[in-house]
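Chain B: place on chain A using the hints.
2 protein chains.
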Amino acid sequence: MFHLKTTSSECAARRGQLLTRHGTVETPVFMPVGTQGTVKAMSQEEVWNLGFRIILGNTYHLHLRPGEELVRQAGGLHRFIGWSGAILTDSGGFQVFSLEDLRKITEDGALFRSHIDGSEHFFSPEGVVDIQRTLGSDVLMAFDECAPYPSDHTYTERAMERTHRWAQRCTRHWRGPGAGGREAEETTGQLFGIVQGGTYLDLRSRSAAFVSQLELPGVAIGGVSVGEPKEAMLEVVAHTAPLLPRDRPRYLMGVGTPEDILDAVREGIDMFDCVLPTRLGRTGTAYTSRGRANIKNAKYADDLTPIDPECSEWCCRSHSAAYVRHLYKADEILALRVLTYHNLAFYAKLMAGIREAIEGDRFLDFRREFLGSYRTTQRDGVTEGGASE
Amino acid sequence: MFHLKTTSSECAARRGQLLTRHGTVETPVFMPVGTQGTVKAMSQEEVWNLGFRIILGNTYHLHLRPGEELVRQAGGLHRFIGWSGAILTDSGGFQVFSLEDLRKITEDGALFRSHIDGSEHFFSPEGVVDIQRTLGSDVLMAFDECAPYPSDHTYTERAMERTHRWAQRCTRHWRGPGAGGREAEETTGQLFGIVQGGTYLDLRSRSAAFVSQLELPGVAIGGVSVGEPKEAMLEVVAHTAPLLPRDRPRYLMGVGTPEDILDAVREGIDMFDCVLPTRLGRTGTAYTSRGRANIKNAKYADDLTPIDPECSEWCCRSHSAAYVRHLYKADEILALRVLTYHNLAFYAKLMAGIREAIEGDRFLDFRREFLGSYRTTQRDGVTEGGASE
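Chains as they are written, first to last, in our numbering: chain A, 1 to 389; chain B, 1001 to 1389.
Fair warning: there could be bad hints in the mix.
As the list claims (entries may be wrong) - 30 Å max Cα-Cα, derived DSS-like pairs, lysine-lysine:
1. B:K1296 - B:K1230
2. B:K1329 - A:K296
3. B:K1349 - A:K329
4. A:K299 - A:K349
5. A:K299 - A:K329
6. A:K329 - B:K1296
7. A:K5 - A:K349
8. B:K1104 - A:K329
9. A:K329 - A:K349
10. A:K349 - A:K230
11. B:K1329 - A:K104
12. B:K1329 - B:K1296
13. B:K1349 - B:K1329
14. A:K296 - A:K329
15. A:K5 - A:K104
If you're looking for bench data, these hints aren't it; they were derived computationally from the structure.
Chain A on its own, in the form it takes in the complex (with noise of 0.2 Å):
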């Protein structure tokens, strides 16, 4: 369920509301990536109290381990992790078509091989429902195949098609036998439909006008952040948003940087996840309301101010850079833990005030203040996107 509370007057930026069985999400949100149940170096605590209400897991890894049974028996992936907020999961589709060489895919689904132990495994439409509704997520993801970036129209259109009749084969067995949406929303989450399509427009038009018809309680776009350009990601996303729905939430898959967001939120999107501030904490890179700052840089050696004096959390209030470097040189897992966190209260905080400029009717202004103090200083080769961590 969806609330739409308002839309800016100058752009497509809307301010909303995720309903779900754990609780309500105020959108635009960010939500940190929990791979195997955890988001990692943090707590679940902490994640909480940095104001998250939704976080994702992954099903491909939460199948292979420990294993949707266990997560069953646990009562459910809430219990099992010690989460009182909202879970969605993706549907593994991105994860098994990452294997390349460990998996066959057929029209009926995709046949793989464990990364852990090469043990043989099998996705299809209605089993990554089936596992999605074991796990007890509160959104669930559709099964789809995501084209690798650069694929020809003619790969990335039989993708998008296979695509489409997943998401009809995901639909009906989520609606199950003669009961409504609404109702099996209640009991197994929201099923959220995939628009796929690659860099191309008309084919990203097909798929939008397929999976709204679909009439499921959300879409989002996906197969973006795999390596495109990121003129061609925004393009698709600018082109996709205005055809979705208007009435339900719109999640843009494994996206992304501060800047990213900003732009994908002015053209309509409500939904974001990426493991950058907590891939990126963990190997020594700090978002700051300067930039990026690497704290392995000799520089950061005697400072002892913040990281960033703009973060009033835990992470700045409690350590200097020049402590945080020392920390992470010596290979300290507290490096990890504050880096991660600083992260993410950044994002947290840029998501709070995207919702309050939103609410303002100042979002553009909002945006160019923020880039405007944010320069990104340092960049350091650093590989951005990947679903799971």
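Coordinates of chain B only, in the frame set by chain A:
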């Protein structure tokens, strides 16, 4: 400064208070090891919230990285790491002597190479007092030569005699020209002497007498927990403790297991440190009211109860054994956090129980009851000891 509050009527157990420039520490006390300026996997807040009021730092490690000069600029180690309790630093002796091929010992001190970058450093008795003073330690340890186990009587005696001469030099340097001990203590923390002598009780007697006459604020028993049999360690403690000044705190370095601590408290020891709870936590072992539990064990795979049902802390309130096992097997940082936190909570509770029991003059009963329920069910070849981590 030490304030002896009460002693057991049945044994030598003592209940006291160590008064430092950073607050009062209730004894008997266990001090978590924060080798490089962090108790591994913990935040300073977490350590504090578990009730700890004193932690260890390692002079060797902090001298090499980040260096005492940066720490001085930060306003001392307490401010650098954000810890408002007390800090005890070792002298670096144990680490330097562990370097074996990388060090050369003369009467003047120890020349050694850094294990990090091979750079050359020299530790003298006066120098390590200066480093600890620069770090801002509340309790400084005298530079000592810790004979390895086994060592013959002649070697052990020679190392002990050098330790005595070094203790004298440390004491003179710490007191400063014309300054009394109390003044030195207030400006630069309390210096503790270290009794050596290996497993030879005649040497321990001589060393206890020598170190006692230095009239330092505290006395440590060093050179235990270096590989000798547990019985030999306890024999040394039982023999040495009564020879130490009654009005000064007694610190048993690098000890130990819950059983060791209970035995040593009975002999009149006030202070302990050991890497066991933190190191075992990071390698998957939890101390529980029913003995040690190896979370890797298959029997925890579907155990949805807490690791220790008698633990009421965050670690066991919010996480089942099966979840922690899943996190551990999936290489998630949260596993190390939960297990370390739990083990320190276990030690904190043990020490609080010991203190309360001595106050109620029922320490031997407490010891019996604790050991009755605490059965070492799994040991799994864990290596004990090691003064830093």
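Taking the hints in turn, this is what the structure says about them:
1. Taking the CA atoms of B:K1296 and B:K1230, the gap is near 27 Å; set against the 30 Å cutoff, the hint holds.
2. Of the supplied pair hints, the one linking B:K1329 and A:K296 holds, its CA atoms being roughly 29 Å apart against a limit of 30 Å.
3. For the suggested pair B:K1349 and A:K329, the alpha carbons sit about 33 Å apart, so the restraint of at most 30 Å is broken.
4. The suggested pairing of A:K299 with A:K349 holds, with an alpha-carbon distance near 26 Å, which does not exceed 30 Å.
5. Between A:K299 and A:K329 the alpha-carbon distance is near 14 Å, which keeps this suggested pair within the 30 Å criterion.
6. Taking the CA atoms of A:K329 and B:K1296, the gap is near 29 Å; set against the 30 Å cutoff, the hint holds.
7. Taken as a hint, the A:K5 and A:K349 pair is honoured in the structure, with Cα atoms around 20 Å apart against an allowance of 30 Å.
8. Pair hint B:K1104 plus A:K329 holds up; C-alpha atoms about 27 Å apart against a cutoff of 30 Å.
9. Proposed proximity of A:K329 and A:K349 is supported: the alpha carbons are some 28 Å apart, at most 30 Å.
10. Among the hinted pairs, A:K349 with A:K230 is consistent with the structure: their alpha-carbon atoms are about 24 Å apart, no more than 30 Å.
11. This hinted pair checks out: B:K1329 and A:K104 have alpha carbons roughly 27 Å apart, not beyond 30 Å.
12. Taking the CA atoms of B:K1329 and B:K1296, the gap is near 7 Å; set against the 30 Å cutoff, the hint holds.
13. Between B:K1349 and B:K1329 the alpha-carbon distance is near 28 Å, which keeps this suggested pair within the 30 Å criterion.
14. Of the supplied pair hints, the one linking A:K296 and A:K329 holds, its CA atoms being roughly 7 Å apart against a limit of 30 Å.
15. A distance of roughly 44 Å separates the Cα atoms of A:K5 and A:K104; the hinted pair therefore is violated under the 30 Å criterion.
Hints 3, 15 from the list above are not met by this structure, while the remaining hints are.
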